[in-house]
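Chains as they are written, first to last, in the working numbering: chain A, 54 to 842; chain V, 54 to 842.
Simulated from the structure, these hints should not be mistaken for laboratory data.
Hints are not guaranteed to be accurate.
One copy or any two copies: either way a pair holds, since identical chains are not told apart in the list.
The list that follows gives simulated cross-link-like pairs (lysine-lysine, BS3-like), each with its CA atoms no further than 30 Å apart [unchecked claim]:
{"id": "1", "residue 1": "K552", "residue 2": "K579"}
{"id": "2", "residue 1": "K734", "residue 2": "K818"}
{"id": "3", "residue 1": "K505", "residue 2": "K787"}
{"id": "4", "residue 1": "K769", "residue 2": "K76"}
{"id": "5", "residue 1": "K787", "residue 2": "K818"}
{"id": "6", "residue 1": "K781", "residue 2": "K699"}
{"id": "7", "residue 1": "K579", "residue 2": "K315"}
{"id": "8", "residue 1": "K769", "residue 2": "K819"}
{"id": "9", "residue 1": "K533", "residue 2": "K787"}
{"id": "10", "residue 1": "K660", "residue 2": "K581"}
{"id": "11", "residue 1": "K781", "residue 2": "K819"}
{"id": "12", "residue 1": "K818", "residue 2": "K781"}
{"id": "13", "residue 1": "K818", "residue 2": "K792"}
{"id": "14", "residue 1": "K376", "residue 2": "K76"}
{"id": "15", "residue 1": "K76", "residue 2": "K233"}
On a predicted model such as this, the values are computed, not experimentally measured, just so you know.
Number of protein chains: 2
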Amino acid sequence: MSGETFRALFYGLGSDGTVGANKESIKIIGENKDHYAQGYFVYDSKKAGAVTVSHLRFGPKPIRAPYLLAQAHFVGCHQPLFLERFDVAEKLLPGGLLLVNSSHGPDTVWETLPEETQRSLQEKRARLFVIDAGRVARESGMGGRINTVMQVCFFSVSGVLPHAEAIAAIKDSIRKSYGKKGEEIVQMNLAAVDNTLAHLYEVKIPERVGSRTKIRQPVLASAPDSVRTVLGEIIAGRGDRLPVSALPCDGTFPTSTARWEKRNLAAEIPVWDPDVCIQCGKCVFVCPHAVIRSKVYEESALADAPATFHSHDARHPDWKGQKYTLQVAPEDCTGCGICVDVCPARNKSEARLKAINMRPQPPLRDAERENRDFFLTIPELDRRKLPLQSVRQIQVAEPLFEFSGACAGCGETPYLKLLTQLFGDRLLIANATGCSSIYGGNLPTTPWAANKQGRGPAWSNSLFEDNAEFGLGFRVSLDKQREFAAESIEALSSQVGEKLARRILEKQQRDEADIFEQHEAVAELKAKLESVNSEDARRLLAVADALVRKSVWIIGGDGWAYDIGFGGLDHVLASGRNVKVLVLDTEVYSNTGGQCSKATPRAAVAKFSAGGKPTLKKDLGLIAMTYGNVYVASVAMGAKDEHTLKALLEAEAYDGPALIIAYSHCIAHGINMTTAMQNQKAAVYSGQWLLYRYNPERARRGENPLQLDSQAPRMKVQEYLSLENRFKMLTKSKPEQAKEFFDQAQCDAENRWQFYQYLAARDFKKPTNIQKQTHPNDNGQNLKPKVEV
Amino acid sequence: MSGETFRALFYGLGSDGTVGANKESIKIIGENKDHYAQGYFVYDSKKAGAVTVSHLRFGPKPIRAPYLLAQAHFVGCHQPLFLERFDVAEKLLPGGLLLVNSSHGPDTVWETLPEETQRSLQEKRARLFVIDAGRVARESGMGGRINTVMQVCFFSVSGVLPHAEAIAAIKDSIRKSYGKKGEEIVQMNLAAVDNTLAHLYEVKIPERVGSRTKIRQPVLASAPDSVRTVLGEIIAGRGDRLPVSALPCDGTFPTSTARWEKRNLAAEIPVWDPDVCIQCGKCVFVCPHAVIRSKVYEESALADAPATFHSHDARHPDWKGQKYTLQVAPEDCTGCGICVDVCPARNKSEARLKAINMRPQPPLRDAERENRDFFLTIPELDRRKLPLQSVRQIQVAEPLFEFSGACAGCGETPYLKLLTQLFGDRLLIANATGCSSIYGGNLPTTPWAANKQGRGPAWSNSLFEDNAEFGLGFRVSLDKQREFAAESIEALSSQVGEKLARRILEKQQRDEADIFEQHEAVAELKAKLESVNSEDARRLLAVADALVRKSVWIIGGDGWAYDIGFGGLDHVLASGRNVKVLVLDTEVYSNTGGQCSKATPRAAVAKFSAGGKPTLKKDLGLIAMTYGNVYVASVAMGAKDEHTLKALLEAEAYDGPALIIAYSHCIAHGINMTTAMQNQKAAVYSGQWLLYRYNPERARRGENPLQLDSQAPRMKVQEYLSLENRFKMLTKSKPEQAKEFFDQAQCDAENRWQFYQYLAARDFKKPTNIQKQTHPNDNGQNLKPKVEV
């Protein structure tokens with residue numbers, strides 16, 4: 054290393070290990086007695102596809118630069134997809150070094166670089182190195198973990214330490230970092246070090262600019278103006294340059310914006326095989342990013358279909374004579390592969406294939422983009438005619454939660470997407486801080502979307518500690534507005550017309566058809582009011598939409614529901630008001646990096662329970678059931694998708710508070726996310742997670758309100774625990790403790806099963822007068838002002 | 054009424070109805086078209102014996118005086134006891150009117166007034182009126198409610214309205230105010246109006262000053278200097294005149310101060326009949342103000358006893374050959390009479406008498422004061438020899454919670470007093486805001502006290518919303534201090550002496566004798582450290598007291614525990630740390646005036662549930678039991694005093710978190726406070742309140758942790774509900790609703806009983822390895838630094 058401070062910049066993908074490896078590099082260099090080292094790490098809060106930029110400085114002199122790098126001697130681009138999005142060579146110093154990870158070899162990589170990057174390299178007379186890090190990692194048995202490979206390349210190319218010394222230090226640090234995770238992982242990483250050097254190439258930079266591409270714009274050119282000029286600039290990292298006047302004055306941002314940001318994260322995307330497909334809809338149901346959709350339509354709609362657009366006769370008897378298409382959004386897919394894992398259909402001619410199969414994205418991108426665009430032009434089925442009672446039916450309902458920034462394979466988002474398929478046009482969502490608030494509404498874009506009528510979820514985020522109360526406020530305001538609107542209609546009935554007034558006031562809004570008719574009637578009302586020039590008419594106009602049934606959902610993770618927001622949640626549930634609560638239970642604080650919550654099960658290793666959580670998972674469902682008037686369900690989509698669907702429908706139909714606790718697998722569990730739905734199954738099969746529904750309506754009909762929907766455990770808990778690293782690692786780090794906890798977890802499951810069986814079977818003493826609804830509220834079934842209790 | 058604004062000042066006792074009656078008077082006068090009216094009300098937060106001063110203005114001109122009265126045309130003194138405490142005539146205008154409520158007639162009342170008041174009356178040439186309002190109220194069937202009587206006197210004496218008009222208006226307002234409470238109450242009040250005028254007398258003011266008394270000092274002359282000069286001044290209402298320098302610079306006030314403020318609230322006090330008494334200790338146990346105490350002592354202690362001091366041979370076999378005295382603190386008693394109600398002994402010669410009986414206080418005051426002073430000089434029994442296992446034994450333990458400002462007959466304070474009798478020398482109390490924080494530590498005085506060794510509870514109050522966390526902080530700090538102290542002793546063992554070091558570090562602090570020895574050893578350590586001149590020694594000295602076992606209690610009402618502080622409480626219980634929680638469950642927000650909480654039972658009328666609470670009482674105990682490692686007990690002192698005692702002892706002995714939910718009757722229940730312990734019995738007999746203890750230690754021994762200590766319900770819930778006005782009033786206001794709710798409450802009780810029977814009988818699957826304590830903590834049983842989990 055010369056006397057100068059060496060500056061290095063790394064573009065990594067969130068959670069790809071780049072930051073961790075860079076921190077190790079700092080240690081390796083900094084522990085060398087003559088070296089100073091500094092690192093700044095710039096993160097995005099997006100869960101997948103987010104750029105993390107590491108700014109590193111090394112040198113023999115003290116470093117006094119408390120700011121990010123503007124220029125660098127070295128730039129590492131750890132993910133090929135960034136090559137399309139930025140000019141990664143832009144910040145290189147003259148004569149600097151660019152290392153790219155690409156599946157293209159030294160002979161072909163140049164052509165794949167965008168024109169801007171080619172020019173930068175030429176102008177700066179830089180040197181270019183390439184490695185197919187994905188391949189090296191896979192061949193070393195490390196799956197997609199490329200961080201060690203890229204770290205070796207950095208030391209090899211940069212020369213910040215003598216080569217042999219650097220390699221020895223890396224190997225040493227691997228033993229330290231991964232020792233806890235087992236010898237197998239250590240050996241893989243050591244092998245990767247050796248394999249790396251054999252696959253690292255310098256690329257000769259030609260004189261010509263031979264690119265076929267230019268840097269991709271941050272959002273589609275077809276996006277609305279406000280998306281392009283405001284959100285697009287924020288995505289491109291130029292948000293600081295926006296004038297205040299460009300931003301919405303009340304802080305309200307439009308929805309349906311994530312769809313303009315084509316992230317192209319997936320190396321592989323699912324491809325449909327219409328002949329094998331049984332059209333069950335399971336892949337659509339589980340897709341965490343709402344990337345797979347299906348439609349049923351008249352054959353005539355295919356008139357202008359692109360050549361590669363696939364279609365098949367619809368198989369469901371209800372849809373006889375119509376056509377069916379399963380379509381992927383190729384540029385929005387994150388490539389998790391869950392869809393393929395849950396597909397129950399087998400290709401008889403080739404057993405390893407299913408009705409959908411993963412294929413490399415780049416060759417498919419253009420054609421599938423065109424197919425997807427065409428797919429969107431096919432009309433949606435009329436919701437009034439859609440029973441929405443089964444997964445097979447729900448697959449054709451339009452999702453209004455598209456392309457969130459959640460992790461590939463996220464276990465939370467399928468529940469949210471389903472919610473929007475069921476009630477999207479009337480949802481109001483109060484979202485606690487956590488993963489769901491980040492992928493749900495973190496600027497610049499939001500996946501929450503609107504349908505063609507412009508109706509969709511209204512969404513806002515509040516604090517960890519008050520989100521239930523925040524959502525209750527939605528309900529209270531809506532009820533008040535509706536009450537006021539109903540009174541106003543009565544008062545204005547001569548202007549509005551007695552018949553229309555009665556039609557609106559007496560409308561029972563039980564199902565989609567009812568709600569549709571109420572929408573129509575309210576539209577008529579609003580049209581009439583427009584022509585009435587009075588203060589009263591204007592006031593009614595302002596709140597008339599509250600006459601249509603709304604659905605208030607309070608959403609958050611277990612950190613919110615079990616811990617920090619629990620006091621408020623408990624109070625809101627006890628209030629008897631008509632709010633629905635969805636707990637996305639990952640059993641850990643996922644967003645902040647895996648801290649133990651009261652939802653964490655016994656034996657799980659998490660931050661603050663490094664020795665395994667010694668206590669039982671809190672039984673939030675039981676607590677809610679003790680109130681007697683709260684609808685409660687415990688669901689796990691991967692174990693029983695129809696059960697999840699039924700619970701959501703019942704919860705929304707119930708005229709009072711509801712709580713749904715949804716098992717959500719998570720990267721924090723230390724599992725293969727592609728097969729995560731199998732983990733959900735195992736959790737239920739072993740009795741670690743119960744499926745049930747507690748419906749107070751049943752008690753009113755004289756039945757036991759609790760239905761236990763799981764079957765008796767048919768698998769040992771230990772077998773399930775061994776599937777997930779959060780438990781399994783304890784058998785390595787504290788084998789004795791693990792044995793004890795695993796034993797106990799087995800007893801816990803058996804005791805839980807016995808207890809819930811009792812609850813579901815017990816005979817209640819019931820009052821002779823069945824109590825009428827004492828806290829009347831508002832599934833919109835009665836618009837008359839309520840008598841105060 | 055002349056053209057001038059008429060000013061009137063009223064001294065009432067908190068909750069005696071003075072303020073309510075004055076508000077009615079304002080309405081009566083203000084509704085007269087030509088009159089303006091204004092009222093300011095100055096409250097004290099003390100629950101009993103607190104002065105409320107009403108400042109009223111009336112007149113034909115608009116009133117523009119946004120401040121309190123400095124002088125008045127009329128002063129009403131509604132409680133005789135204030136005559137001793139203030140010069141009630143001080144603020145009279147010349148020629149003003151003073152109305153006093155006194156049991157002395159027009160011929161004798163003059164002599165009972167203190168010299169200062171006599172002089173004021175003479176100097177101002179005022180007129181004096183007297184009524185025995187207590188007698189009129191009693192004779193009209195209204196018990197102690199004097200407000201109507203005094204209101205009639207005010208109108209009669211003041212002449213603010215023509216007499217006939219005023220009386221008609223009062224009667225009208227009675228019908229309005231009390232209509233809801235039933236015709237019986239209306240009639241009583243109407244009768245009281247008529248009876249009043251016959252008993253109201255004007256007193257001729259003599260020329261001479263013939264008083265035998267002067268205004269009483271706010272605190273005893275024998276009180277410590279700081280109490281007299283600071284707290285005494287605050288009590289006297291002169292706190293604003295204290296210089297800042299007179300106040301403690303860190304906000305820490307001394308304990309044991311309520312004892313200096315002799316309030317003389319009771320018209321009648323209990324008098325002991327040694328011959329009838331069976332020495333069971335029940336009266337001592339229940340006394341809410343720690344006013345009744347008993348001691349067992351050697352006969353020799355009686356040498357200097359006053360003539361009227363009573364004594365009897367001790368009856369308990371353990372105390373054979375010793376003497377026994379039951380002594381009342383006459384000037385601290387609030388006269389509730391609960392002691393008499395619970396006394397199980399009958400005077401065979403006169404059936405209506407028991408072993409204690411209520412007698413007028415004034416004639417007894419001087420002698421009993423002397424007896425009480427003597428009683429205090431008798432030595433306390435040695436706690437090391439006191440098993441503290443039964444109510445009979447506990448009665449001789451010194452309480453360190455004396456003479457709180459709680460309501461007469463309070464259902465909460467006996468639990469707190471008991472706590473101090475059991476663990477007073479080592480208590481740290483985190484007190485949530487509510488009644489208990491007001492009577493517990495509201496300036497100027499506190500009932501929390503210290504024993505002769507200067508040891509007693511340390512007490513502080515925190516917010517409604519964070520008190521559990523506040524108390525957890527006590528524990529964490531103590532544990533850290535103890536850990537540090539233990540490490541320091543190890544490090545300093547050569548200076549401290551290896552033997553002493555080992556004695557302290559290895560001491561098992563299981564019982565009173567152990568703790569006493571540890572105190573001695575730590576005293577020895579501190580003495581040694583005094584002579585070591587090193588920083589380490591001084592540091593150890595500062596934390597050495599943490600080596601003696603401490604008991605951290607988190608205390609609050611149901612508003613805190615079930616509602617506002619519940620989120621934190623839940624988290625603290627789940628933490629596994631060694632903190633104890635005592636919930637004083639009055640089933641309503643008592644301190645703020647009776648708002649419904651989640652602890653309020655179904656059918657109870659409270660603020661925010663005026664139509665009867667429609668939902669079940671929250672089962673806080675069950676919620677805590679779901680964690681499995683929390684000691685939980687549900688107790689009701691009035692139903693089973695030994696059970697309460699056992700639960701407190703077990704909770705403190707348990708090496709982990711504990712929750713005790715203590716049924717606390719309350720004036721807000723609309724009950725006769727004298728017989729309130731009978732209400733507790735009825736609540737338990739009907740199954741409305743269960744008694745149980747859940748001890749995780751039992752699970753470790755392979756037993757079911759839950760012991761159901763109630764017997765099967767033997768009384769209809771409705772029968773219990775009819776005893777308390779909070780329920781009963783619904784049968785008047787909403788008879789149909791009441792029927793439905795009462796039915797349901799019966800079912801609730803039966804279902805609850807069935808469910809808890811199942812819980813107490815169920816067979817657990819237990820792990821083969823019994824788990825060791827995984828969150829080790831600190832009943833002081835092991836002082837070694839703990840291994841981090």
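- Item | Earlier hints that do not hold, by number | 3, 4, 6, 7, 10, 14
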